[in-house]
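*Asks:* For reference, the chains in residue letters:
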Amino acid sequence: MASLREISERPDRLSPGHRLCAGCGASIVVRQVLLACEEPVVVANATGCLEVATTLYPYTAWRVPWIHSAFENTAATISGVEAMYRVLRRKGRLPHNGPVKFLAFAGDGGTYDIGLQALSGALERGHSFLYVCYNNEAYMNTGIQRSSATPLGAHTTTAPAGRASPGKLQPRKDLTAIVAAHRIPYAAQASVHLWHDLMGKVRRALAAEGPTFLNVLAPCPRGWRHATSETIDIARLAVECGVWPIYEVAEGRLRITHRPRTRRPVTEWLASQGRFAHLLEPGHEALIEQIEREVEAEWERLQRLERLGAETGGSNGPDRGGTAH
Amino acid sequence: MTQTVALTGNTAVALAMQQIEPDVVAAYPITPSTEIMQSFATYIANGEVDSELVLAESEHSALSACVGAAAAGGRVMTATSSQGLALMWEVLYIAAGLRLPIVISVANRALSAPLNIHGDHSDMMGARDSGCIQLYAETAQEAYDNTLQAVRIAEHPEVRLPVLSGMDGFIISHSIERMVVEDREAVRGFVGPYVPHHPLLDLAHPVSYGPLALPDTYMEHRRQLVEAMRRAERVIEAVGTEFGARFGRTYGLTEAYRLEDAEFGLIALSSAAGTCRVAADELRARGMRVGVLRPRVLRPFPHARLRDALGHLRAIAVLDRADSPGGFGAPVFTEVRSALYGLPSPPLVIGRVFGLGGRDLLVEHVTEVAEALEKALETGEPPEPVDYLAVRE
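First to last, the sequence lines map onto chains E and C.
In case it helps, the working numbering puts the first sequence at residues 18 to 342.
In case it helps, the working numbering puts the second sequence at residues 617 to 1009.
The hints are simulated quantities; they were obtained by calculation from the structure and are not laboratory data.
All C-beta atoms, glycine included, are put in the ideal place defined by N, C-alpha and C.
It is possible that some hints are incorrect.
What the hints assert, rightly or not - Per label pair, the in silico range of CB-to-CB distance:
1) C:Ala657 to E:Gly269: 28 to 38 Å
2) E:Asp29 to C:Thr857: 51 to 61 Å
3) E:Glu56 to C:Glu801: 48 to 58 Å
4) C:Glu801 to E:Leu325: 57 to 67 Å
As the list claims (entries may be wrong) - Some chain E residues flagged as far from chain C (calculated, every beta-carbon gap over 12 Å):
5) Ala39
6) Val60
7) Pro75
8) Ala78
9) Trp83
10) Thr91
11) Arg110
12) Ala135
13) Thr279
14) Trp316
15) Glu317
16) Leu322
17) Leu325
18) Gly326
As the list claims (entries may be wrong) - Covered, in the sense of this in silico footprint (three residues per stretch, anywhere, with C-beta under 8 Å from a C-beta of chain E), are these stretches of chain C:
19) 636–647
20) 662–669
21) 674–680
22) 704–716
23) 777–789
24) 867–877
25) 973–985
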């Protein structure tokens, strides 16, 4: 992969001046993904923070071809774009010759929940595109409502913490596993603080033929209740506390691409954000234990799958990127 | 070479699609339109058409894929019915708002509940404010012809809107009809090459489709869409005239039958118009001067044309194969009555809902309505303005 210096000299394909909040994780995801794309791209975008904040008519922050149609249909929309590309290339009617990559950006609401059917359909049909979920673990654009990506015990405006409830009552959906179960060439989890890992994953995803998927943890200062200056630190803490494992599933083989040098306690994660503040008050000990157990169980599961992949043969996965920074 | 063949409405539309050869077709199966996509898929499987077929996991995704494909810069079509069109509803507005010329063939069918797979117009009536042009075909011949014209109408630079091209489910979609199909090259000559308009795939000129428009700009976008719809009226007529010059079958916004000297008018969309014409002939044989008007286009609604064609009548019955529960009459009735309001001496207009869920419309149902109009004029007692035909009360 290109050096940081080279990358820093590439033109920004998402221009500054958009209206995303200070400290927004989503724009960091988009910029890192676009910087990793050396080829021309066409972008489809679900309704959400990213869309409304970057394309307020008559302005657009996108210096690449971009389309938003609705909330739940981003995967279907990009599959139409990709289908048109294939047929026009075949018929020799493309306005531009050479490879083009197709990207979809959607939040967790547009991916885990309302967009899951369209995503599953597009994955099964095998369109060549990279779907990037900027995962801020709730419906932030409408005002911090719970989604199926919201973690257990988090406070949201539709699953608020109160005298009779500790916030969200259910653990989050394991969407990366669901996507990987479509047996697509490449699926991965990444985080905004591991830029080298994330951009390496974009390169590997784009090198694959067929649908690929990146689930990127994207802290939201407004929804998670942390300072806007802490976004990268919070993302790092998620990984070091084990609540957001960094791994990939390439051609069916799972590989943990980043292992924290020291595992920090989950309570540090919970203490870092206002959305979990209520859990640290007396009476929620059992829930914290449940969160810790689930974090541990997921880490064990991933390690088991990684060993299984190594034992069942094949190469040891991609040899570039994926190291800790 | 022009050929006379026997086809169902569905296979006629599929043949039209094969001749047009859209770049991308995206669809999802639903009765009674499924056969269109089956036939088209067979054309692809046999190498008789070069299109990308996106077999989506729902109609919502099918039309969403059409939106992406059309914005990318090529010719796009789909087909659906009933619940499928209802599921597309959100995206219909988007396709129209983004001014994407997608042709959507619809085998019109009732909406649930109760579940019913048979023909009525409830599906397209639900989409009449979506910004899509609406054509209603009377026959399989017209369904074929409308499909060819729909491409030209949708893609016309003055229009750039999706077209919903309807035919009655089962009554037309599944009935074998003797009809004429044109030579593929002649069809290609008529529809012409696709001219892209700000395509996404023009990477040198990046564009953003579907931005956020707040109250200070949203209304102007919608107003422009209305203007495009108004211009479509002229375009539909011009395309219908050109089609007639090329293929001998001319189409307009409406089709009139024995209206010039008529006192009474019957109005119906699609296949019911044939039943109305038979009824008109029977009534004329008994001395009652009856004519028929079939609107071929419901969006844009040809109100001026209707005023010209109907203003001289004494009384009119509008037959709707759809209802508007709680409204004052069904959609075509309200539009016709509204169009005639303000004439110096407007005809009496009544509305009758018929044929929901595929119930047959018989000639005697129509003659009874016409006779009720005649009686009303004789006695001076107006009949029920809005009522139902052939329903157990």
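*Asks:* Indicate, hint by hint, whether the structure satisfies it.
*Replies:* Results for each hint:
1. A hinted range of 28 to 38 Å for the beta carbons of Ala657 of chain C and Gly269 of chain E is consistent with their spacing of about 31 Å.
2. Look at Asp29 of chain E against Thr857 of chain C: about 52 Å separates their beta carbons, and that is inside 51 to 61 Å.
3. A beta carbon spacing of about 38 Å between Glu56 of chain E and Glu801 of chain C contradicts the range 48 to 58 Å that was offered as a hint.
4. Range check, Glu801 of chain C to Leu325 of chain E: Cβ separation about 59 Å, and the 57 to 67 Å hint holds.
5. Distance check on Ala39 of chain E: its Cβ is at least 20 Å (rounded) from any Cβ of chain C, clearing the 12 Å threshold; non-interface status holds.
6. Under the 12 Å C-beta cut-off, the non-interface status given to Val60 of chain E relative to chain C is violated; the minimum distance is some 9 Å.
7. Look at Pro75 of chain E: its CB is around 7 Å from the nearest CB on chain C, not clear of 12 Å, so calling it non-interface is violated.
8. Its closest Cβ contact with chain C, about 9 Å, brings Ala78 of chain E to no more than 12 Å, contrary to its assignment away from the interface.
9. In this structure Trp83 of chain E is not separated from chain C by more than 12 Å, as the shortest Cβ-Cβ distance comes to only about 5 Å.
10. Annotated as non-interface, Thr91 of chain E brings its C-beta within 12 Å of a C-beta of chain C; the closest such distance is 8 Å.
11. Look at Arg110 of chain E: its CB is around 7 Å from the nearest CB on chain C, not clear of 12 Å, so calling it non-interface is violated.
12. With 12 Å as the threshold on Cβ separation, the claim that Ala135 of chain E sits away from chain C is violated: the shortest Cβ distance comes to roughly 5 Å.
13. Separation of Thr279 of chain E from chain C is adequate, the least Cβ-Cβ distance of about 44 Å exceeding the 12 Å criterion.
14. Taking the minimum C-beta to C-beta distance to chain C, about 33 Å, the non-interface status of Trp316 of chain E holds against the 12 Å cut.
15. Once the 12 Å rule is applied to beta carbons, Glu317 of chain E is consistent with being away from chain C; the minimum gap is 34 Å.
16. With a minimum CB-CB distance of about 28 Å to chain C, Leu322 of chain E clears the 12 Å threshold, and the non-interface call stands.
17. Every Cβ of chain C is farther than 12 Å from the Cβ of Leu325 of chain E; the closest lies at roughly 31 Å, confirming the non-interface assignment.
18. At roughly 29 Å from the closest C-beta of chain C, the C-beta of Gly326 of chain E stays outside 12 Å, upholding its exclusion from the interface.
19. Taking a C-beta to C-beta cut-off of 8 Å, the stretch 636–647 of chain C contributes 3 residues in contact with chain E, enough for the three needed, and the coverage statement holds.
20. With 3 residues having a Cβ less than 8 Å from any Cβ of chain E, the stretch 662–669 of chain C passes the three-residue criterion, so the hint holds.
21. Beta-carbon proximity to chain E at under 8 Å applies to 5 residues in the stretch 674–680 of chain C; the threshold of 3 is reached and the given coverage holds.
22. With 4 residues carrying a beta carbon less than 8 Å from a beta carbon of chain E, the stretch 704–716 of chain C meets the three-residue requirement, and the given coverage holds.
23. Check result for the stretch 777–789 of chain C against chain E: violated, 0 residues qualifying (beta carbon to beta carbon below 8 Å, three or more required).
24. As drawn, the stretch 867–877 of chain C meets chain E at 0 residues by the rule of a beta-carbon pair under 8 Å; below three, the given contact is violated.
25. Restraint check on the stretch 973–985 of chain C versus chain E: 0 residues with Cβ-Cβ distances below 8 Å, three needed, restraint violated.
Against the hints set out earlier in the document, violations occur for numbers 3, 6, 7, 8, 9, 10, 11, 12, 23, 24 and 25.
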